[in-house]
Amino acid sequence: MKNLKENQKVAGRLAGIAVMLFLILIIIPAGMVMFMISGLWSALDRFFLKFER
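Reading the sequence shown from the start, the letters are residues 1 to 53 in the UniProt record's numbering.
Think of the hints as simulated: they come from the structure by calculation, not from any bench.
Here a beta-carbon is modelled for each residue, glycine too, at the ideal position from N, C-alpha and C.
Hints are supplied without guarantee of correctness; some may be wrong.
Claimed, not checked - Estimated spans, in silico, between C-beta atoms of each pair: (1) Phe47 - Ile17: 41 to 49 Å; (2) Leu44 - Gly12: 27 to 35 Å; (3) Asp45 - Met20: 46 to 54 Å; (4) Ala15 - Leu40: 33 to 41 Å; (5) Leu44 - Ile24: 25 to 33 Å; (6) Glu6 - Pro29: 30 to 38 Å.
Start from the sequences and build out the full structure, keeping to the hints where you can.
Below, the structure written as structure tokens:
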């Protein structure tokens, strides 16, 4: 019985590490790219608004 609990604890720890790696390697860079595109879009929008007048 003790061995099963140890296996569950190790599996839970590995799952937590996997989720953290997923967050760090996938979601954060994707968010950074979206933030950069948003800033570029906003800058271009302001740039083109100057020429419409």
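### Task
With respect to the beta-carbon atoms only, verify the hint that Ala15 and Leu40 lie 33 to 41 Å apart.
Holds, at about 37 Å.
#### Entry: Cβ distance range 30 to 38 Å for Glu6 and Pro29, holds or violated
35 Å, holds
### Query
Is the gap between the beta carbons of Leu44 and Ile24 within 25 to 33 Å?
Since Leu44 and Ile24 have Cβ atoms about 30 Å apart, the given range 25 to 33 Å holds.
### Message
Given a hint of 41 to 49 Å, does the C-beta separation of Phe47 and Ile17 actually sit inside it?
### Response
The hint (41 to 49 Å, Cβ to Cβ) holds, given that Phe47 and Ile17 are roughly 45 Å apart.
### Task
Please test the hint of 46 to 54 Å on the beta carbon pair from Asp45 and Met20.
36 Å, violated
### Query
Okay, Leu44 versus Gly12 on CB: inside 27 to 35 Å?
Since the Cβ atoms of Leu44 and Gly12 sit about 47 Å apart, the hinted range of 27 to 35 Å is violated.
Hint check: violations occur at hints 2 and 3; the rest are consistent with the structure.
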